[in-house]
Amino acid sequence: MLKRLFLLVLTNCLWANLAIRAQELRGRVLAASSDKPVAFATVGIRGKALGSTADESGRFAFAVPSTLPSLDSVVISCVGFRALRITVGQLRAESGAVWRLQPQAQSLNEVHVRHPQLKPAIMGRTAVGGIAYWTTKIRDSTLTVASDERGWEVATVLPVRRSCYVDSFRFYVSQNDFKPVRFRFVLYELTNDKPTRQLLTDDIQFTLPSQQTGWASLDLRSYNIELRKGQTVAAGIQWLEGEKLDPKGGPKRGALSGPGAFPSVGHRVLVRDKSEAEWRTLPVNVSMYLAVQEYK
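Here the sequence shown is numbered in our numbering, starting from 41 and rising by one per residue.
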């Protein structure tokens with residue numbers, strides 16, 4: 041009896057200690073021009089696997105260690121807006137405050153009409169076998185307070201051999217233990233092997249149905265996305281919201297994943313836990329691709 045009581049007290053003390061060590065940062069993101077919510081804006085601690093995404097009303101909340109330096113940079117961003125940079129100290133001092141994003145000035149690019157001499161092509165991997173995989177279960181284990189998938193990203197690296205227009209993006213899902221999941225399509229230009237500039241001007245979101253596996257497809261023809269010969273891009277998905285089917289499931293449950301070939305010389309996949317975390321590069325050719333119309 042005494043042994044059980046001791047274990048119970050010890051467990052409660054450990055949980056109390058964890059509660060002291062973690063704190064919640066919260067706020068709301070609005071568009072400066074209209075004061076309307078910026079739904080599913082991303083909020084991340086620069087260089088760390090900490091952050092989240094806002095909900096449909098622009099509200100966000102996420103846990104951080106209480107020891108996180110107040111001068112650490114927080115980036116609030118969304119496609120179509122200029123990123124806002126504040127500090128952890130500001131979020132702590134103004135809990136629940138409203139943060140406004142300014143619209144991103146869009147330069148008027150030269151209008152290109154699709155040339156009739158185009159041919160269909162594939163950029164990426166269409167096979168679904170392989171011993172490797174990407175998965176939401178792989179996390180930065182040093183930050184135990186970051187427990188959800190909001191802001192998590194995975195993208196495949198694709199060299200652009202010929203100038204082309206993008207028709208669609210497809211990725212293969214082999215395991216899906218979630219109710220409907222909302223994603224954002226991401227497309228970055230790479231510099232020195234790292235994603236830098238976001239190439240999209242539209243916030244392209246879509247939903248993966250509950251437990252759906254197999255190929256998921258996103259039609260991109262209406263966005264008129266053009267890629268230039270010689271570019272290297274990373275195309276993929278960013279997790280915005282989703283709920284596990286069984287939050288109390290075993291260690292093999294509660295994951296979303298897809299296959300890839302390994303080892304794969306010359307192919308890479310990029311993964312990061314949150315929107316401002318460091319990217320991890322793995323030598324895996326994952327089952328993701330862009331269907332394009334390229335110039336002959």
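I should point out that these hints are in silico values taken from the structure, not numbers from a laboratory.
Predicted, not measured: the structure shown is a model, and the values here were computed from it.
Among the hints, erroneous ones may be present.
Once the Cα atoms are required to be at most 27 angstroms apart in a straight line, the calculated DSS-like pairs of lysine-lysine come out as [stated by the list, open to error]: (1) 219 x 159; (2) 269 x 219; (3) 177 x 269; (4) 336 x 177.
Restraint-style ranges between C-beta atoms, simulated for each label pair [stated by the list, open to error]: (5) 187 x 132: 16 to 22 angstroms; (6) 105 x 210: 23 to 29 angstroms; (7) 178 x 231: 21 to 27 angstroms.
C-beta atoms are modelled at their ideal positions from N, C-alpha and C, and glycine is treated no differently.
In rising order, the numbers of the hints this structure does not comply with: Structure breaks hints 1, 2, 3, 4 and 6.
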